[in-house]
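A.B. asks: What follows is each chain in one-letter form.
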Amino acid sequence: MDRDTLRAFLRDMLLARAFEEAAAEQYTKGNIEGFLHLYPGEEAVAVGVIHATEPADYVVSTYREHVHALVRGTPPRQVMAELLGRRDGISRGMGGSMHLFDRERRFMGGYAIVGETYPVAIGVGYAIAMRDLPEVAICFFGDGAVNQGTFHESLNMAALWRLPVLFVCENNHYQIGTEIHRHSAVTEVFRRAAAYDIPAERVDGMDVFKVHEVTSRMLREIRSSGGPRLVECETYRLRGHSMADPGSYRPQIEVMAYTSTDPVSVAIRETVPAYPSHEQLAAVGKDAIHHVTEHGLGAGHLDSAEVDGIKSEVQQLVQEAVEFAQQSPEPEMADAWRYLHVNRRNESLT
Amino acid sequence: MAKEDIFYWQALNRALDAEMAGDDSVFILGEDVGLYGGSYRVTEGLYAKYGPWRVRDTPISETSFTGLGVGAAMTGLRPVVEIMTINFALLALDPLVNMAAKIPFMSGGQFPMPLVVRMPGGVAKQLGAQHSQRLEHTLMNVPGLRIAVPATPQDAYWQLRQAIASDDPIILLEHDLLYFSKGPLDVEAVPLPMHRAAVCRAGRDVTLVGYSRSVELCLRAAQQLEDVGIEAEVIDLRSLSPIDWETCITSVEKTHRFIVVEEDCRFAGAGAEVAATLSERCFFSLDAPAQRVAALDIPTPFNGSLESASIPTVEDIISAAQRVCSVADPGVKP
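First to last, the protein sequences are chains A and B. Residues in the first sequence are numbered consecutively from 1, following this note's numbering. Residues in the second sequence are numbered consecutively from 1, following this note's numbering.
Bound-form chain A, shown alone (with noise of 0.2 Å):
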């Protein structure tokens, strides 16, 4: 691990936790409505993996997928233009927050019917495998999609074809509200890909480096040997003050239980956007962001201005980000149906 690699690993922790802080604030102003999926906690998955791929691979996505894109590379101002709805988001205020899509870098998108990402991971590995090229499809899917039929579809054709897809579980343990030993007979996913045969294995996902490495050589195999590989990121997603309280008192599983449908506790995570500092949550032993910068800190890679550094310059970033996303217009119906009709070319219909 070189230190501007680590560098940039921390940078990007750094932007996706910032930037999805500045989001929920948006959310909490009332300048962003519908549905927002924040991502704090997972962000050793979204780094490690993408930072492994090349630009001509592709990535497809979920509807927690703000960081996906940014770590692949699209400017987080527009990222939040779309989460703000404004014309000069990604998807031009077409999609919002659960539908991001930046074509130029091959991130096809974020899809929030909850396993479809696997349909459309293996059609792109279909055709990359067609046009034997040495490109490979990244899916991202939860521990809650893999109970979707289109999971054990698409596996089976995947490994049926030898596509060139890299199956990405973000395994935060939860599905909406439904813990995985509740949602689950098997709650190890990656054993499941035994029954395709595919190659499979689980990695701490809230260490980047591990989920690098483990990714780095799966899409080694893969461009190799064209076959599919599986990858389990074990994680966790943070959210308002419930991870803080360390409740060494309880099993945390109660914890977790009774916070999530205390509706004062409810209400309190709805209102306030921040998540836990990373002291509290060094203390509990579960931010990816603590590790990679102790590690980093600790390596003699890096020194504590030097975060400070990288702190204010996604500081800056994001704010900017939000003042873009606000200056940016709102989007006419006229472009709406231009987009709507924008593969008819010059074809009248009239």
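Watch out, some of these pointers could steer you wrong.
Stated by the list, open to error - To give a feel for the contact side, a few chain B residues facing chain A, derived at Cβ under 7 Å: (1) T63; (2) G71; (3) M74; (4) M106; (5) S107; (6) Q110; (7) G183.
As the list claims (entries may be wrong) - Pair by pair, the computed Cβ-Cβ distance ranges are: (8) P289/B <-> R182/A: 52 to 62 Å; (9) R345/A <-> K49/B: 21 to 31 Å; (10) A165/B <-> S312/A: 49 to 59 Å; (11) N31/A <-> L296/B: 35 to 45 Å; (12) D17/B <-> E323/A: 51 to 61 Å; (13) D2/A <-> P242/B: 53 to 63 Å; (14) A194/A <-> L35/B: 21 to 31 Å; (15) N147/A <-> Q322/B: 54 to 64 Å; (16) D32/B <-> K210/A: 38 to 48 Å; (17) P52/B <-> N147/A: 48 to 58 Å; (18) A194/A <-> A18/B: 42 to 52 Å; (19) D17/B <-> P134/A: 28 to 38 Å; (20) Q315/A <-> G76/B: 50 to 60 Å; (21) F35/A <-> T250/B: 45 to 55 Å.
Hints in this document: simulated from the structure, not taken from any laboratory. Using N, Cα and C, we set each Cβ at its ideal position, and we do this for glycine too.
Please build the complex by placing chain B on the supplied structure of chain A, with the hints as guidance.
C.D. replies: Relative to chain A, chain B alone:
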């Protein structure tokens, strides 16, 4: 090449062959389309000619192989997905409705969607309620999808070629009973635009609007109506989304009466849209209320007699025509 009479399935087969030969980004996928040659022979011979990557036999996974088509189309390939019957397409509604129809739009116009999904629908011969559905109304209600409904081998050939060449997602609704019907094919004729309706028979008294298999019924009814002094004009819609309203309106403004003939169930079926729009747009030209001749609102019975009685017949069209022609006609007392 001169005109020749061929089967509808052969016309589709030739269209696929022509497009695949001309563009190596075109590929076919579906159940039994390869080695087996297609349930209705539409892909016969293509597997041997183009190989497994371009004529792909799939597992029975309608959702994912249709979604595979969506993903491949986003990269610029031109997939032609065959769904064995429209009844199975219910399992593919997510990729059709949530993906193909919406991705170009939701992405702010960034992505092409050159996807063709072919499927037969309609009532055939005693296939039972699960294999005899008409779902055009469901697909018509999805902005972003286009639906072509060829009634003849000539249109099957043209419209499939046009659909493959288009960057829009297009559903080709075929009909079980049309595959083995014969008609002339002239591959060198200049095609009509894919969505353009065609006046198949001129008349001055009433306009019969049909599509797919009902066009044939309308033509037969028009022939018999001649004997009772009613000259019916017959329009083949050819496309259910968009619908070529101008051709319909021009006809209705001439005949002042129209009947929509559909195999779809009557309640909220395709004909309801045609009747509503033509009533709105031709109100002051109409001498009689809009009429629909449609299927009964019932799952298709297996019993052969009941099955036949559940969908429109030539006689149903003739009586409807006689009925509307006797209404508000200054020369005839009701």
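A.B. asks: Each of the hints needs a verdict: does it hold here or not?
C.D. replies: Here is how each hint holds up against the structure:
1. Interface restraint check: T63/B against chain A, minimum CB-CB distance 6 Å, threshold 7 Å, status holds.
2. Below 7 Å, beta-carbon pairs count as interface contacts, and G71/B has one with chain A at about 2 Å; its hint therefore holds.
3. For M74/B, the interface hint holds, the least distance from its beta-carbon to any beta-carbon of chain A being 6 Å, beneath 7 Å.
4. Because the smallest distance between the Cβ of M106/B and any Cβ of chain A comes to about 4 Å, under 7 Å, the interface hint for this residue holds.
5. Residue-level restraint check for S107/B holds (minimum Cβ-Cβ distance to chain A is 3 Å; threshold 7 Å).
6. With 7 Å as the threshold, the beta carbon of Q110/B comes within range of chain A, its nearest partner Cβ sitting at about 4 Å, so the hint holds.
7. About 26 Å separates the beta-carbon of G183/B from the nearest beta-carbon of chain A, more than 7 Å, and the hint is not met.
8. In this structure, P289/B and R182/A meet the distance hint of 52 to 62 Å, their C-beta atoms being roughly 57 Å apart.
9. Distance hint check: the CB atoms of R345/A and K49/B are about 30 Å apart, consistent with the given range 21 to 31 Å.
10. Range check, A165/B to S312/A: about 53 Å between beta-carbon atoms, so the 49 to 59 Å window is met.
11. At roughly 53 Å, the beta carbons of N31/A and L296/B sit outside the given window of 35 to 45 Å.
12. Taken as a hint, the range 51 to 61 Å holds for the pair D17/B and E323/A, whose Cβ atoms sit roughly 57 Å apart.
13. Judged by the Cβ atoms, the range 53 to 63 Å given for D2/A and P242/B holds: they are separated by roughly 57 Å.
14. The beta-carbon spacing between A194/A and L35/B, approximately 29 Å, falls within the hinted interval of 21 to 31 Å.
15. The supplied range of 54 to 64 Å is met by N147/A and Q322/B, whose beta-carbon atoms lie about 58 Å from each other.
16. Between D32/B and K210/A the CB atoms are about 44 Å apart, so this pair conforms to the stated range of 38 to 48 Å.
17. For P52/B and N147/A, the Cβ-Cβ distance of about 31 Å falls outside the hinted range of 48 to 58 Å, so the restraint is violated.
18. In this structure, A194/A and A18/B meet the distance hint of 42 to 52 Å, their C-beta atoms being roughly 44 Å apart.
19. At about 31 Å, the beta-carbon gap between D17/B and P134/A stays in the expected band of 28 to 38 Å.
20. As the Cβ distance of Q315/A to G76/B is approximately 39 Å, the hint placing it in 50 to 60 Å is violated.
21. Taking 45 to 55 Å as the suggested C-beta distance range, the pair F35/A and T250/B conforms, at roughly 47 Å.
Against the hints set out earlier in the document, violations occur for numbers 7, 11, 17 and 20.
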